[in-house]
Structures are given as C-alpha cells and as structure tokens.
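We have chain W; now place chain R onto it with these hints.
2 protein chains.
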Amino acid sequence: MKARVHITLKNGVLDPQGKAVHNALKSLGFEGVDDVRQGKYIELQLEDSLPEDQAEEKVKQMCEKLLANTVIENFDIEIA
Amino acid sequence: MKARVHITLKNGVLDPQGKAVHNALKSLGFEGVDDVRQGKYIELQLEDSLPEDQAEEKVKQMCEKLLANTVIENFDIEIA
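Protein chains in written order, with my numbering: chain W, 1 to 80; chain R, 81 to 160.
Everything labelled a hint here was simulated from the structure, so no lab data went into it.
Mixed in with the good hints, there may be bad ones.
In silico BS3-like pairs for lysine-lysine, Cα to Cα no more than 30 angstroms straight-line [unchecked claim]:
hint, chain 1, residue 1, chain 2, residue 2
1, W, K58, R, K120
2, W, K26, R, K90
3, R, K138, W, K10
4, W, K65, R, K106
5, W, K19, R, K140
6, W, K19, R, K120
7, R, K145, R, K120
8, W, K40, W, K2
Short, incomplete list of chain R residues facing chain W, as computed with Cβ under 7 angstroms [unchecked claim]:
hint, residue
9, H86
10, A104
11, F110
12, G112
13, Y121
14, I122
15, L130
These numbers were taken from a predicted model, which means no experiment stands behind them.
Beta carbons: idealized from backbone N, C-alpha and C, even for Gly.
The following block holds chain W by itself, in its conformation from the complex:
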C-alpha cells in the first residue's frame, strides 16, 4: 500500500524557494507565470497488512510528529 503526502506552505507564509524558481523562470524567458509555490512530496511504501483506515491515521501522526511543520505547513494524505 502506498501513501502519498503533499506538504505545502500555508497561505501567507513567505516562500523564498518558490520566489527563486519564479525569478529563474522569468530570466529564462518564460512569461505568463503569476506565482510559484514549492512544497514537498513524500511517498511512503507501507506494509500491505495494515488496514487502510489505520494507515491513514498512522501517516497523519507521522506528518504531525516529523514530516510537516504544522505551524507553517499544511499536509494532505492520499492512500492508494
């Protein structure tokens, strides 16, 4: 079973990495981009024996304890 986790900065939190990418795109001549936000994407391969609802709860705990900084970041979990 796979869990896909997206970790993104909350609205209003400055994103210097996204800004740098935005500026780099501009200087390469790419027009038409209004904003860039960069986040993290984590794929967890979970043991198949784990029931799906427990898996989601477990990954939520992992996000809260380690993967995301919930003061400035949101996370989103998909179990597949």
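Chain R alone, transformed into the frame defined by chain W:
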C-alpha cells in the same frame, strides 16, 4: 489556471533524503513503513489567458529546462 508538477527520483536512483526520513520514522517508533521516497511538488499559477494545451507544453519545457534534472528525475504535470 494552476499547474501542479511532481518531480520524483527515477527508480534505482539513491534517495538519501528519503532514507533519512525512513530512519527518523523508525527511531520515533513508527513501524510498518517499508520505504520512503522524497520528491518535490511545485504549484505554478499561470495566466488564465493561456490555452490549456499550450500551458501543458509550456510547463513541460519549464521542467526540462529548469525544474527537473531529467537525468535522474521524472516529472508529472497536471493542469487544473
């Protein structure tokens, strides 16, 4: 219009960042995780005047030229 880009390491490419996360999860007592792979997630806010098919082509060029290292990384584009 929004473009969501996932950039992940190709299979077989070592992922020390993912390994570090995996070890950290283990030492926090999270069992049942077989593997962790970490990638990047980039959200691009594009001008709405751009037609959708052109947008996808443009973001593909951005990935090839700047966002992804296509020697070791795959990218995946979603236009929404």
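So, going through the hints one by one against the coordinates:
Between W:K58 and R:K120, the direct Cα distance comes to roughly 22 angstroms. Compliance with the 30 angstroms bound is thereby established for this hinted pair. Simply put, W:K26 and R:K90 have alpha-carbon atoms about 28 angstroms apart, close enough for the 30 angstroms limit, and the pair holds. Between the alpha carbons of R:K138 and W:K10 the distance comes to roughly 27 angstroms, so the proposed pair stays at or under 30 angstroms and holds. Proposed proximity of W:K65 and R:K106 is supported: the alpha carbons are some 12 angstroms apart, at most 30 angstroms.
Pair hint W:K19 plus R:K140 holds up; C-alpha atoms about 19 angstroms apart against a cutoff of 30 angstroms. Between W:K19 and R:K120 the CA atoms are separated by roughly 15 angstroms; this keeps the pair inside 30 angstroms, and the hint holds. For the proposed pair R:K145 and R:K120, the alpha carbon gap of about 16 angstroms is at most 30 angstroms, so the pair holds. A threshold of 30 angstroms between alpha carbons decides the hint, and for W:K40 with W:K2 the separation of about 16 angstroms falls inside it, so the pair holds.
The criterion of a C-beta within 7 angstroms of any C-beta in chain W is met by R:H86, whose closest approach is roughly 6 angstroms, and the hint holds. With a least beta-carbon distance of about 6 angstroms to chain W, the hint placing R:A104 at the interface is held under the 7 angstroms criterion. Hint status for R:F110 relative to chain W: holds, with the closest Cβ pair at about 6 angstroms, below 7 angstroms. Checking R:G112 against chain W: minimum C-beta separation of about 4 angstroms stays under 7 angstroms; hint holds.
This hint holds: R:Y121 has a C-beta 4 angstroms from the nearest C-beta of chain W, less than the 7 angstroms allowed. A cut of 7 angstroms between beta carbons decides the hint on R:I122: the least distance to chain W is about 5 angstroms, and the hint holds. Taken as an interface hint, R:L130 checks out: its beta carbon lies about 5 angstroms from the nearest beta carbon of chain W, inside 7 angstroms.
Of the numbered hints given earlier, the model fails none.
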